[in-house]
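Chemist: Residue-level listing of the chains:
Protein chains: 4
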Amino acid sequence: MQDVQNRVDKRGIAIQRVGISDVYLPLQIKQEQHSQPVMARLKFTVDLPMEYKGTHMSRFQEILTKWHTNPIGQAEIGNILDEAITKLSSNSAHLSMSFKYFIEKTAPVSGKKSLLDLDCKVSAVKTASKNSMPFTLAIKIPVTSLCPCSKEISAYGAHNQRSIISVKINYDGKKTAINIKDIVSLIEAQASCPLYPLLKREDEKYVTEKAYENPKFVEDILRDCVLALRTLDDIHYFSVECENFESIHNHNAYASHVEYLK
Amino acid sequence: MQDVQNRVDKRGIAIQRVGISDVYLPLQIKQEQHSQPVMARLKFTVDLPMEYKGTHMSRFQEILTKWHTNPIGQAEIGNILDEAITKLSSNSAHLSMSFKYFIEKTAPVSGKKSLLDLDCKVSAVKTASKNSMPFTLAIKIPVTSLCPCSKEISAYGAHNQRSIISVKINYDGKKTAINIKDIVSLIEAQASCPLYPLLKREDEKYVTEKAYENPKFVEDILRDCVLALRTLDDIHYFSVECENFESIHNHNAYASHVEYLK
Amino acid sequence: MQDVQNRVDKRGIAIQRVGISDVYLPLQIKQEQHSQPVMARLKFTVDLPMEYKGTHMSRFQEILTKWHTNPIGQAEIGNILDEAITKLSSNSAHLSMSFKYFIEKTAPVSGKKSLLDLDCKVSAVKTASKNSMPFTLAIKIPVTSLCPCSKEISAYGAHNQRSIISVKINYDGKKTAINIKDIVSLIEAQASCPLYPLLKREDEKYVTEKAYENPKFVEDILRDCVLALRTLDDIHYFSVECENFESIHNHNAYASHVEYLK
Amino acid sequence: MQDVQNRVDKRGIAIQRVGISDVYLPLQIKQEQHSQPVMARLKFTVDLPMEYKGTHMSRFQEILTKWHTNPIGQAEIGNILDEAITKLSSNSAHLSMSFKYFIEKTAPVSGKKSLLDLDCKVSAVKTASKNSMPFTLAIKIPVTSLCPCSKEISAYGAHNQRSIISVKINYDGKKTAINIKDIVSLIEAQASCPLYPLLKREDEKYVTEKAYENPKFVEDILRDCVLALRTLDDIHYFSVECENFESIHNHNAYASHVEYLK
Numbered sequence: 638m639q640d641v642q643n644r645v646d647k648r649g650i651a652i653q654r655v656g657i658s659d660v661y662l663p664l665q666i667k668q669e670q671h672s673q674p675v676m677a678r679l680k681f682t683v684d685l686p687m688e689y690k691g692t693h694m695s696r697f698q699e700i701l702t703k704w705h706t707n708p709i710g711q712a713e714i715g716n717i718l719d720e721a722i723t724k725l726s727s728n729s730a731h732l733s734m735s736f737k738y739f740i741e742k743t744a745p746v747s748g749k750k751s752l753l754d755l756d757c758k759v760s761a762v763k764t765a766s767k768n769s770m771p772f773t774l775a776i777k778i779p780v781t782s783l784c785p786c787s788k789e790i791s792a793y794g795a796h797n798q799r800s801i802i803s804v805k806i807n808y809d810g811k812k813t814a815i816n817i818k819d820i821v822s823l824i825e826a827q828a829s830c831p832l833y834p835l836l837k838r839e840d841e842k843y844v845t846e847k848a849y850e851n852p853k854f855v856e857d858i859l860r861d862c863v864l865a866l867r868t869l870d871d872i873h874y875f876s877v878e879c880e881n882f883e884s885i886h887n888h889n890a891y892a893s894h895v896e897y898l899k
Numbered sequence: 638m639q640d641v642q643n644r645v646d647k648r649g650i651a652i653q654r655v656g657i658s659d660v661y662l663p664l665q666i667k668q669e670q671h672s673q674p675v676m677a678r679l680k681f682t683v684d685l686p687m688e689y690k691g692t693h694m695s696r697f698q699e700i701l702t703k704w705h706t707n708p709i710g711q712a713e714i715g716n717i718l719d720e721a722i723t724k725l726s727s728n729s730a731h732l733s734m735s736f737k738y739f740i741e742k743t744a745p746v747s748g749k750k751s752l753l754d755l756d757c758k759v760s761a762v763k764t765a766s767k768n769s770m771p772f773t774l775a776i777k778i779p780v781t782s783l784c785p786c787s788k789e790i791s792a793y794g795a796h797n798q799r800s801i802i803s804v805k806i807n808y809d810g811k812k813t814a815i816n817i818k819d820i821v822s823l824i825e826a827q828a829s830c831p832l833y834p835l836l837k838r839e840d841e842k843y844v845t846e847k848a849y850e851n852p853k854f855v856e857d858i859l860r861d862c863v864l865a866l867r868t869l870d871d872i873h874y875f876s877v878e879c880e881n882f883e884s885i886h887n888h889n890a891y892a893s894h895v896e897y898l899k
Numbered sequence: 638m639q640d641v642q643n644r645v646d647k648r649g650i651a652i653q654r655v656g657i658s659d660v661y662l663p664l665q666i667k668q669e670q671h672s673q674p675v676m677a678r679l680k681f682t683v684d685l686p687m688e689y690k691g692t693h694m695s696r697f698q699e700i701l702t703k704w705h706t707n708p709i710g711q712a713e714i715g716n717i718l719d720e721a722i723t724k725l726s727s728n729s730a731h732l733s734m735s736f737k738y739f740i741e742k743t744a745p746v747s748g749k750k751s752l753l754d755l756d757c758k759v760s761a762v763k764t765a766s767k768n769s770m771p772f773t774l775a776i777k778i779p780v781t782s783l784c785p786c787s788k789e790i791s792a793y794g795a796h797n798q799r800s801i802i803s804v805k806i807n808y809d810g811k812k813t814a815i816n817i818k819d820i821v822s823l824i825e826a827q828a829s830c831p832l833y834p835l836l837k838r839e840d841e842k843y844v845t846e847k848a849y850e851n852p853k854f855v856e857d858i859l860r861d862c863v864l865a866l867r868t869l870d871d872i873h874y875f876s877v878e879c880e881n882f883e884s885i886h887n888h889n890a891y892a893s894h895v896e897y898l899k
Numbered sequence: 638m639q640d641v642q643n644r645v646d647k648r649g650i651a652i653q654r655v656g657i658s659d660v661y662l663p664l665q666i667k668q669e670q671h672s673q674p675v676m677a678r679l680k681f682t683v684d685l686p687m688e689y690k691g692t693h694m695s696r697f698q699e700i701l702t703k704w705h706t707n708p709i710g711q712a713e714i715g716n717i718l719d720e721a722i723t724k725l726s727s728n729s730a731h732l733s734m735s736f737k738y739f740i741e742k743t744a745p746v747s748g749k750k751s752l753l754d755l756d757c758k759v760s761a762v763k764t765a766s767k768n769s770m771p772f773t774l775a776i777k778i779p780v781t782s783l784c785p786c787s788k789e790i791s792a793y794g795a796h797n798q799r800s801i802i803s804v805k806i807n808y809d810g811k812k813t814a815i816n817i818k819d820i821v822s823l824i825e826a827q828a829s830c831p832l833y834p835l836l837k838r839e840d841e842k843y844v845t846e847k848a849y850e851n852p853k854f855v856e857d858i859l860r861d862c863v864l865a866l867r868t869l870d871d872i873h874y875f876s877v878e879c880e881n882f883e884s885i886h887n888h889n890a891y892a893s894h895v896e897y898l899k
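Protein chains in written order, with our numbering: chain A, 638 to 899; chain B, 638 to 899; chain C, 638 to 899; chain D, 638 to 899.
Treat each hint with caution, since some may be false.
One copy or any two copies: either way a pair holds, since identical chains are not told apart in the list.
Claimed, not checked - Listed below are the simulated PhoX-like cross-link pairs for lysine-lysine, each with C-alpha atoms no more than 25 Å apart in a straight line:
hint: 1; residue 1: LYS667; residue 2: LYS690
hint: 2; residue 1: LYS750; residue 2: LYS724
hint: 3; residue 1: LYS742; residue 2: LYS703
hint: 4; residue 1: LYS737; residue 2: LYS703
hint: 5; residue 1: LYS842; residue 2: LYS724
hint: 6; residue 1: LYS777; residue 2: LYS737
Hints in this document: simulated from the structure, not taken from any laboratory.
From just these sequences and the hints, can you work out the full model?
Modeler: Here it is as structure tokens:
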């Protein structure tokens with residue numbers, strides 16, 4: 638049977654990324670001591686040298702199918718990318734995985750436990766000739782924001798709302814670094830108040846008062862996140878976005894910032 | 638050229654709805670004195686009698702293409718459905734159109750004007766043998782809700798958030814009735830406070846204090862909407878849903894209710 | 638501390654559904670011998686008698702938090718709903734869970750195994766005074782459709798595309814019945830060809846030829862699904878929708894049908 | 638009334654972007670001779686110098702509200718950004734607008750006219766000290782792709798599907814350049830066949846045969862788009878992505894490429 642993909646291409650264009658997208662798979666994400674089953678949406682690609690007409694799409698699925706029952710951390714992503722480079726005769730490979738990740742939250746007064754869902758995305762690139770594998774961890778962290786202007790000018794009350802702080806952290810790939818829980822703790826401390834899935838009445842009093850005592854503009858949250866992210870080691874760059882789903886408007890207040898650390 | 642669709646089908650199944658979906662078209666929605674250009678997503682179907690193998694899909698597009706430059710109100714939807722019934726030799730036709738509709742809001746103190754966007758959906762069904770055309774108008778109305786429990790138990794402040802009230806109103810189709818603006822006014826008066834795209838500082842003070850003076854659970858908003866919707870004439874049934882994007886949680890508070898009026 | 642929710646309400650409106658929505662949780666779905674970890678989006682509600690001002694939102698989370706580590710099948714959904722009725726002093730409770738579910742597919746020639754993702758939704762309602770619990774299983778099944786008209790009128794080739802067949806099956810709730818895999822097999826046999834995540838070259842030849850030998854309009858697929866679904870036992874009603882993401886248009890061909898069996 | 642935003646900030650962080658997001662407005666997009674009403678989703682931001690605590694969010698809405706009835710082309714975007722820089726005492730301003738844009742398509746044999754919808758996004762940045770305004774036009778162009786491998790190895794037929802080619806073109810901003818229709822024509826010529834909303838039977842024969850005569854991998858389409866985009870003048874960089882919604886899989890084939898031209 639003809640291998641049409643293997644035919645010679647004359648256009649002289651090496652394609653930067655080719656592969657499969659919108660792939661859904663159950664995976665296990667490794668985090669320090671344990672791993673968590675997740676439902677991931679993946680994009681998995683390699684570069685295609687200019688002399689080949691096409692890549693072999695089924696091999697991406699074969700690699701993923703083999704890996705999906707193993708806990709996947711930073712080292713395993715490196716192995717997956719190495720396998721892609723070899724099996725697809727490429728110079729580089731790229732994998733991104735988006736998933737909901739759950740962390741346990743403890744209500745501030747009652748101590749009740751519950752699970753908070755976070756949208757996460759891990760992306761990594763490996764090049765055949767290099768040992769290091771730069772990778773990016775992106776997390777969307779939901780928090781409460783309370784408006785300082787509304788508090789100051791109003792006789793009582795202050796508008797507040799759910800906000801999403803989106804951080805993206807690019808590591809140089811020399812150190813094991815996917816630690817979602819620590820980054821969430823670091824970031825949610827910069828908002829007017831963290832969120833909790835389960836709050837009893839005494840907790841609701843606590844978070845209402847805490848947010849009111851701690852008013853922050855979208856700009857305040859962003860700046861405090863920038864200061865917090867600068868304390869992280871071994872990172873190449875970070876970006877942070879904060880979006881407040883304003884309770885008084887049908888649009889959002891928005892701020893964003895990127896910093897290269899070395 | 639063969640007309641495969643016209644062949645006889647032997648399975649004995651009259652299909653209730655067949656046609657085209659996910660169709661995007663610029664339309665003009667007629668509202669009393671004026672009309673508004675909108676970008677609509679449509680589903681347009683007919684029934685298929687059991688003896689035919691298939692309908693003629695291109696005719697739906699031909700009908701829509703002809704209509705898209707005309708202002709479309711209730712009467713015109715009736716004409717579109719009549720045309721579908723005739724051109725596709727059917728007994729019934731159904732059209733739904735989803736679009737963002739904009740209404741002008743006036744800030745409560747400064748008087749500044751701005752446009753509020755609303756997700757709307759109009760659906761209608763026409764049967765060959767009947768004159769009437771029951772139709773449904775659905776509107777998602779964004780508002781502010783402020784929690785009575787949080788206000789009562791806290792020393793200061795109260796959590797509040799954007800909420801969406803989704804109303805669906807089914808008219809018997811005897812009277813012209815698509816009046817989006819009136820329904821929005823009726824419904825947003827049931828929340829802790831309406832939303833405004835443009836608020837100056839004096840307006841922000843006003844809406845902050847108004848929401849604080851007017852705390853409402855999702856259940857309160859729902860019940861007050863039910864009372865308000867019962868005052869409408871010529872309607873067959875209504876449903877109302879309220880969803881609060883809780884500022885203290887990453888999930889929503891939700892309530893819904895349906896009532897048949899005759 | 639005041640229990641504002643428990644106050645008396647005078648509006649005389651018993652609310653049909655109130656609770657929490659857009660809740661994300663990792664769950665285990667029980668299917669015959671085994672269970673599968675899934676990432677579920679839930680809506681969990683009860684009715685609210687007319688004399689109460691509000692429900693107790695945190696109790697929904699407490700019930701879910703307790704259940705999320707247990708495999709959940711039909712019986713367990715019944716237990717969750719019973720617990721909600723008791724803990725929230727209600728007459729009825731409703732739970733819906735949407736999740737991606739994965740089934741193993743075997744490539745038709747090479748025999749290679751891979752996982753196909755399916756969007757599923759389970760909904761159930763329980764009433765305090767009744768033993769039975771009607772519930773609904775909805776599955777979106779992706780398949781290939783190939784156009785009979787295009788095949789017939791063209792000198793070679795035929796347009797084909799991915800289609801989604803959405804089935805919703807309402808069981809009377811007397812028998813254990815959530816069997817996703819069997820329903821998928823039943824339904825995908827009605828398309829021009831099933832889909833497979835992993836196909837080697839010999840498999841690609843097989844599915845290309847199979848679809849070409851088996852051309853079906855959206856109406857054909859729908860009718861054959863209706864015939865197939867009529868063979869199921871113990872069901873109260875079913876609905877089926879087929880949507881073809883036409884390769885020659887930017888919109889879809891669509892058909893739908895509902896049948897009550899008893 | 639206090640102007641909290643105007644207070645001095647001591648954190649020493651100049652914020653790169655702050656403003657409003659998820660704003661929906663009806664706009665008119667200017668294209669050469671005419672303009673088209675669209676429903677746009679906007680993000681509108683400025684930088685915030687390090688000495689200010691916050692920006693003035695209502696001024697963004699005031700600027701947009703004033704502009705929404707005027708046809709907006711490249712020059713007008715420049716004026717909007719200049720106004721933001723002035724009114725918000727900033728050094729730079731950024732505007733992005735996403736909208737569906739419609740172009741007329743003529744069926745290849747019957748000559749029937751219909752409207753094809755395209756997802757477009759225009760983004761521009763202006764800096765106070767510079768005259769030029771680099772801007773980016775992104776368009777998602779739906780086309781048909783037909784698999785060369787499937788055609789070659791199968792006795793008859795070939796799998797084909799709808800694909801989306803996403804191009805992003807960054808102009809240096811010296812020349813008027815937003816010409817959506819020309820770019821669509823350039824790009825859709827690189828696929829196996831363009832799409833048409835309205836096709837009569839003779840047209841369906843034409844597009845079926847044309848796609849079969851013109852098989853292309855996702856890599857072929859991408860490379861031919863790269864060659865086509867290199868012919869454009871006055872552009873700074875372009876990116877192109879092609880995603881095939883494989884009719885034989887539930888995932889997509891994907892390729893992407895970026896090129897800097899000067």
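Chemist: Run through the hints listed earlier and report the numbers of any the structure violates, in increasing order.
Modeler: 1
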